[in-house]
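**Student:** As you go down the protein sequences, you meet chains R and V in turn. Going by the numbering used here, the first residue of the first sequence is number 75, and it counts up by one from there. Going by the numbering used here, the first residue of the second sequence is number 75, and it counts up by one from there.
Worth flagging that the hints you see were computed from the coordinates, not collected in a lab. Bear in mind the structure is a predicted one, so any value in this text is a computation, not a measurement. It is possible that some hints are incorrect.
Short derived list, chain V residues pointing at chain R, Cβ under 10 Å [what the hints assert, rightly or not]: (1) Val95; (2) Leu96; (3) Glu97; (4) Gln113; (5) Asn126; (6) Arg189; (7) Leu206; (8) Gly210; (9) Cys215; (10) Tyr284; (11) Arg299.
Just so it is clear, CB atoms sit at the ideal spot from N, CA and C, and this is done for glycine as well.
Number of protein chains: 2
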Amino acid sequence: MHANDGPDGVIDTLVRVARVVLEAPPVPPVAVGIAVAAQVDPATGLVVHAPNLHWQNVPLGPRVAEALGLPVQVVNDARAATIAEWRLGAGRDESDLFCLILGTGVGGSAVVGGRLVEGATSAAGEVGHLTLVSGGRPCHCPNRGCFEAYVGGWGIAERAQEAVRDPATPPSAIQSRAGSVKKITARTVFDAADDGDPLAVRLVEETERYLADGAVSVVNAFNPRRLVIGGGLVAGHPRFVAVAEQAVRSRCQPSAATASVLPARFGEEAPLIGAAVHARERTTVSPELRQSAER
Amino acid sequence: MHANDGPDGVIDTLVRVARVVLEAPPVPPVAVGIAVAAQVDPATGLVVHAPNLHWQNVPLGPRVAEALGLPVQVVNDARAATIAEWRLGAGRDESDLFCLILGTGVGGSAVVGGRLVEGATSAAGEVGHLTLVSGGRPCHCPNRGCFEAYVGGWGIAERAQEAVRDPATPPSAIQSRAGSVKKITARTVFDAADDGDPLAVRLVEETERYLADGAVSVVNAFNPRRLVIGGGLVAGHPRFVAVAEQAVRSRCQPSAATASVLPARFGEEAPLIGAAVHARERTTVSPELRQSAER
């Protein structure tokens with residue numbers, strides 16, 4: 075399945091794969107959950123806007139529901155990851171939780187007073203677009219200086235590419251590892267830093283400073299009891315969790331600085347798990363079926 | 075009543091004034107609400123930390139309750155102002171609301187899904203301590219580059235004082251208006267800008283840029299349907315509301331950018347009104363007394 079296939083191609087593939095899984099499920103399926111990197115209308119299952127898929131107003135939920143004959147719940151991927159951590163992972167049983175997801179972008183979602191924070195258009199928790207550097211680097215969104223433009227995977231890659239292209243920069247292992255400037259990713263930078271490449275080390279240190287600024291902002295604004303940090307970047311650079319903890323402890327307001335900071339339990343599969351949990355919670359099923367599904 | 079009187083002096087004065095008011099009330103009082111610029115434990119009425127009063131762990135609620143023989147609810151001032159706007163003002167009947175208070179500091183509070191967002195230690199919504207300028211000006215809190223260090227009344231005053239003290243700055247109406255550098259306030263800067271003083275105009279324009287950055291952050295993070303902007307600074311510079319609206323419209327994520335931006339209905343009295351509404355809502359009263367109070 076590829077974004078270039080457009081909504082029809084993606085939905086066809088998705089339905090085909092789901093049918094294979096549903097043919098021999100371990101328990102009778104009661105609902106289908108879909109996590110998608112998009113602004114979603116949870117009530118209707120509409121994908122309102124998915125910048126990376128180039129989708130606008132695609133009725134993903136209804137189309138999959140019709141094809142599979144099962145109720146479908148569509149949920150934003152960062153929100154789904156938060157549900158996974160909240161229900162089953164590092165945020166289990168916590169009524170005031172923020173889950174910060176550091177991946178290609180920076181996302182997040184809050185649980186406050188035992189409830190998931192949705193917001194007016196289901197976009198609350200999009201802390202990747204907090205301004206961290208007034209007038210700073212352009213973001214993929216209409217703002218400048220966003221958290222994600224410095225700490226997201228694409229932001230790290232872009233900063234590294236610019237540094238390598240700068241004629242004043244001495245040759246760096248970043249470029250030799252990547253092969254070409256365009257192929258530099260956050261991963262290349264972390265690996266080169268592990269090998270002691272000075273430019274990579276500097277870039278990682280800068281990224282840690284921006285992460286610290288962002289973590290302080292998130293904890294001051296949402297006042298969670300627990301901050302859970304997950305996403306692909308944390309897998310590549312686990313020190314991010316300790317950096318965030320140190321910043322929260324020393325730079326947050328005294329009332330907020332007591333938040334515990336933990337790595338997420340789930341990795342790439344967090345959105346899948348959260349989407350499934352969410353779909354089951356939101357779907358009314360007969361007591362018999364639920365009993366059977368829980369055995 | 076003055077902060078220098080310490081908790082005992084302040085509480086004595088507060089109780090004396092309350093007794094005068096309670097002697098001849100328009101309706102029988104059922105409860106007392108107190109708004110205070112502090113971190114508060116709403117369950118116990120404890121003032122945990124009030125930086126400007128230099129209070130730590132003062133049992134304000136219980137002491138006033140004992141003296142007056144009435145139930146007392148203590149609430150943070152920005153939260154009280156939000157309650158006033160939400161129940162009776164510019165945020166009336168709105169289930170997803172953020173109220174941003176621009177005063178000496180920058181405070182705020184959110185209503186999400188029809189509920190006030192409290193947070194783990196009742197400090198959620200403290201957006202004055204979002205990092206807006208990574209590594210920027212020191213704040214009164216342990217962080218640097220906070221929203222409030224640029225846009226709060228004290229931040230504006232401090233920036234103006236530094237600019238005036240700089241030997242490279244030509245003489246400015248800011249200083250001549252204030253009499254001395256130490257007496258410069260945000261008000262002096264606004265007044266001098268209204269008179270066209272170039273330094274004051276520059277400072278106000280910079281403040282507007284930082285406010286725009288902060289408003290974008292708040293709306294992206296909390297995704298309110300309505301952003302209400304109040305506090306003493308808005309009275310002094312009403313253009314702040316239009317500046318925030320323009321920024322939200324043009325720089326927020328598409329899903330969040332539809333938020334309406336409105337000036338607060340209430341001025342300085344907002345925390346008082348909100349504290350009273352809050353106390354009434356949180357106090358169980360007999361149906362007869364409530365009926366009488368509502369007449």
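**Student:** Taking the hints in turn, state whether each one holds.
**Tutor:** Hint check:
1. Val95: 31 Å, violated
2. Leu96: Check failed: Cβ of Leu96 of chain V comes no nearer than 32 Å to chain R, outside 10 Å.
3. Glu97: 37 Å, violated
4. Gln113: 4 Å, holds
5. Asn126: 14 Å, violated
6. Arg189: 7 Å, holds
7. Leu206: This interface hint holds because 5 Å falls under the 10 Å limit.
8. Gly210: 8 Å, holds
9. Cys215: 5 Å, holds
10. Tyr284: 6 Å, holds
11. Arg299: 4 Å, holds
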